[in-house]
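Colleague: Starting from the structure of chain A, add chains B and C where the hints point.
Protein chains in written order, with the working numbering: chain A, 99 to 355; chain B, 113 to 551; chain C, 52 to 212.
Everything labelled a hint here was simulated from the structure, so no lab data went into it. Predicted, not measured: the structure shown is a model, and the values here were computed from it. A couple of the hints might just be wrong.
Heads up, simulated SDA-like pairs for lysine to any residue below, C-alpha to C-alpha not over 25 Å straight-line [as the list claims (entries may be wrong)]:
1) C:105 <-> C:178
2) A:347 <-> B:145
3) B:465 <-> B:331
4) A:353 <-> B:153
5) C:131 <-> B:487
6) C:161 <-> A:224
7) A:242 <-> B:181
8) A:216 <-> B:389
9) A:331 <-> B:199
10) B:485 <-> A:282
11) C:131 <-> B:279
12) C:161 <-> A:228
13) A:347 <-> B:324
14) A:331 <-> B:374
15) A:331 <-> A:321
16) A:349 <-> B:153
17) C:161 <-> C:190
18) C:161 <-> C:94
19) A:353 <-> B:533
Away from chain C, derived, C-beta distances all over 10 Å, residues of chain A [unchecked claim]:
20) 141
21) 151
22) 174
23) 187
24) 195
25) 201
26) 225
27) 235
28) 236
29) 272
30) 275
31) 300
32) 330
33) 352
Just so you know, even glycine gets a beta-carbon here, dropped at the ideal spot from N, CA and C.
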Amino acid sequence: MKKVVLTAVSVLALSAPVFGSMAHASEGGGEPLPNVQWSFEGPFGTYDKASLQRGLLVYRQVCSACHSLNRVAFRNLTALGYSADQVKAIASEYTVVDGPNDEGDMFERAGRPSDYFKSPFANDQAATFANGGALPPDLSLITKARTGGADYVFGILTGFSTPPSDIRILDGQYYNKHMTGNVIKMAPPLMAGAVTYEDGYPQTVEQYAKDVSTFLTWAAEPEMEQRKQMGFKVLLFLGVFASLMYAVKRKIWSKVH
Amino acid sequence: MSAGPRTPFDNKVVEWFDSRLPIFSMMQKEYGVFPTPRNFNYFWNFGAIAIFMLVTMILSGITLAMHYAANTGLAFNSVERIMRDVNYGWLLRYIHMNGASFFFIAVYTHIFRGLYYGSYKQPRELLWIFGVVIFLLMMATAFMGYVLPWGQMSYWGATVITNFFTAFPVVGESIQTLLIGGFSVDNPTLNRFFALHYLLPFVIVAVVFLHVWALHMTGSNNPSGVEPKTKDDTLPFHPYYTMKDSFGILVFVMVYCVFVFFMPNALGHPDNYIPANPMVTPAHIVPEWYFLPFYAILRAVTVDIGIPFTDITLITAKLGGVLLMFGSIAILVVLPWLDSHPVRSARYRPKFKLFLLLFVLDVLVLGKMGGMKPDVSLFHITENIVFTTTHLSQIATFYYFAFFIVVLPILSRVEKALPLPASIHESVLKCKTSCEGNV
Amino acid sequence: MAAGAMAAVGTGSVVWPFVHQMNPAADTLALSTTEVDLSAVEVGQSVTVMWRGKPVFIRHRTEKEIQDSKDVDVASLRDKQTDADRAKIPEWLIVIGVCTHLGCVPLGQKQGDERGEYDGWFCPCHGSVYDTSGRIRKGPAPTNLEIPTYTFLSDTLVRIG
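Chain A with its partners taken away, still in its complex shape (with noise of 0.2 Å):
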């Protein structure tokens, strides 16, 4: 037994270089997203609440001009660090098409915390028409739906530069190191000083960038703080019960010994 698995072991360990060149090998374009530290990496990570206030805000103020972030109601914000008041607040400052009404018509009303963030488009085509031809994706799963998670979204966000020459880039296109392709559609979307923050934090880009990632990292998986904390009560639980668990199988089988 043990010597099988030590042949498996050697086998894999073996070969694991091999696998982890040919793996990087299959990436096609866009150079290696940038590895930022984030509050939320690691089995102990928790999401930094007004980092996740300060994404908020950036992704009202700025990619909500085109971004949908259909999953999100407004009542999830209280995750973020807000009261039931404020949350209410910030959900009467959207208008919400209702109804229909007694009389059959539709009617505008200020929004609930129930309800969801509003999609800048009517629908998927109005949006790829009056973005050139290019879907703005919605980003209630983004970070999920990338490889490299927050990293890409921030990669992304701080990976315009001008073209090399020999780059052919058209008219409503633009350069991106760390897009696929390095071509990109979405304009250059933050600059510096473009939101205010209150609480002192810089206004640059990386700022913004990292905020608006914690955000969407939040907005993709809400469950993330109370999923670890969980893992850890199982863990130990199950390590207790293990440990009980080997020494009545020793009790047991000492005897045949």
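Modeller: Just chains B and C now, with coordinates in the frame of chain A:
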């Protein structure tokens, strides 16, 4: 099962029940005193672990089905609702999602154990064949389950896999249309896949029952491959193996939980968090990791096979790939007859052991190739000749089949086995002096 | 013997509905073909119609476009097809408007769209360039734009599917 003579139970309720339907007697016979070889190692835990995973999948699956909507317009949203709004929905879904991977880990280990210790050999051939049937049913269930969230990989995976059937001449297209219920993968496909995904696990339960029944007819194999002869060679199943299995399951579940709670998406593909879109094909369509070796075999066939010197094609590359892929599993059915060496355990067959470990490495290479794009350059042989992933897949596919068709029959004839222990009892005693705590 | 035959017939007729229900239903079949009236499409114009959930590009080609397509040295192409292989009637090119690279929908249907160097279609996603016969000429796409099955019912009426 048998209605043989019964020893009465002391407990009156149990006795009342048992005298009418002897379930307690049966449990006592099959799981209480059932004589089990005393020398099992931890590889023998994986049968119990696989059953534990099957139960986990059925329970988490039924609860998920209470919230899931099998409709192309609703499926993705209903899964996201489970993740965000349903109480502990994220937990149920991550248990189910990673459970599929861990079920396959358990079953692949279980299959490896069967190969290494020759558990498929006479008189356990039927037991082995039931196992292959379970494996096939699991693959079908897992494939259809992956379609249900209706993400990009769901949709395009279903498109690619159902396209296999078009490879068959004449009837292929009709079969594909029949399977997906339309001209492309769409709502009828999703609907029926959900119905079948809910049904098949219970079929698996039924075949597992046959598998276990067949096991209890022949008794278990063991690491020495020598049949138990005397009472000294066996132990009652309870408490020895109930406790050992429980311990093994707990350790396995700990690893499983690390994935569920700390890296739930590590084994999945990011594209499946993008809603299915028939207008946009993902850059690189890959199946789930547990299908990758078979996917590599499918893609390894790149040339049409025809009559030499004519233009007549007998088997197109596509059909060849599909046939090889199905063949790679079908060949397991006849394995007991391909390997007719009288000695079971690889412990006493050094050559077989070497080729088997090579085979395991080969399957890992196939898995790696299945996850990569075809025709990617690995290294240059000369300036102009490039060795690509496709070439490596072809070599690995060749060895996969050669192992069964060439290596095993030849070894059956020529390999001289090491001396076998006279009994399990003796092998355990010998082990005590020479190989430390090995059970 | 007769009873056995009856049983077989009976079983067969019961099983068939259970199998046939899996085949495309009437509403699905209703969308399997589409008829397009081309009389309003002037020379040089294009239309896009939806067929089985995919866009189909129909271009009324000019003399120059047809000639350009025919003059190409087929051997130099990535996916070697002559123009005659691709257009049953030279005036009308009918292709499925899904880039064979990653399935984006190429530009070139509307006036003023970027059409690429070969005056066919240009895929904005990764820069694949197709010629006036829908053949891949530059960029990452592996094959030519796919041709759907179609029949001309009259000079200006085409049935796709």
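Colleague: Indicate, hint by hint, whether the structure satisfies it.
Modeller: Taking the hints in turn, this is what the structure says about them:
1. C:105 <-> C:178: The given pair, whose Cα atoms are some 20 Å apart, holds under the 25 Å limit.
2. A:347 <-> B:145: Satisfied, since the Cα-Cα distance of roughly 17 Å is no more than 25 Å.
3. B:465 <-> B:331: Given pair residue 465 of chain B, residue 331 of chain B holds - Cα atoms ~24 Å apart, limit 25 Å.
4. A:353 <-> B:153: Answer holds: residue 353 of chain A to residue 153 of chain B is near 17 Å, not above 25 Å.
5. C:131 <-> B:487: Cα-Cα ~20 Å, so holds.
6. C:161 <-> A:224: Given that 25 Å is the threshold and the Cα spacing comes to 17 Å, the pair holds.
7. A:242 <-> B:181: 22 Å, holds
8. A:216 <-> B:389: 22 Å, holds
9. A:331 <-> B:199: Answer holds: residue 331 of chain A to residue 199 of chain B is near 18 Å, not above 25 Å.
10. B:485 <-> A:282: 24 Å, holds
11. C:131 <-> B:279: 23 Å, holds
12. C:161 <-> A:228: 15 Å, holds
13. A:347 <-> B:324: 24 Å, holds
14. A:331 <-> B:374: 12 Å, holds
15. A:331 <-> A:321: 16 Å, holds
16. A:349 <-> B:153: Roughly 17 Å separates the two Cα atoms, so the pair holds.
17. C:161 <-> C:190: OK: residue 161 of chain C and residue 190 of chain C at ~21 Å, within 25 Å.
18. C:161 <-> C:94: Holds - the C-alpha atoms of residue 94 of chain C and residue 161 of chain C are around 14 Å apart, at most 25 Å.
19. A:353 <-> B:533: Given pair residue 353 of chain A, residue 533 of chain B holds - Cα atoms ~23 Å apart, limit 25 Å.
20. 141: Holds, since 36 Å exceeds 10 Å.
21. 151: 35 Å, holds
22. 174: 33 Å, holds
23. 187: The assertion about residue 187 of chain A holds, with a minimum of 41 Å to chain C.
24. 195: Holds, since 28 Å exceeds 10 Å.
25. 201: 34 Å, holds
26. 225: Nearest chain C Cβ is 15 Å from residue 225 of chain A, so the label holds.
27. 235: 13 Å, holds
28. 236: 18 Å, holds
29. 272: The assertion about residue 272 of chain A holds, with a minimum of 13 Å to chain C.
30. 275: Since the minimum Cβ distance to chain C is about 16 Å, residue 275 of chain A lies beyond 10 Å and the statement holds.
31. 300: 35 Å, holds
32. 330: 41 Å, holds
33. 352: Label holds. Min Cβ-Cβ 59 Å, cutoff 10 Å.
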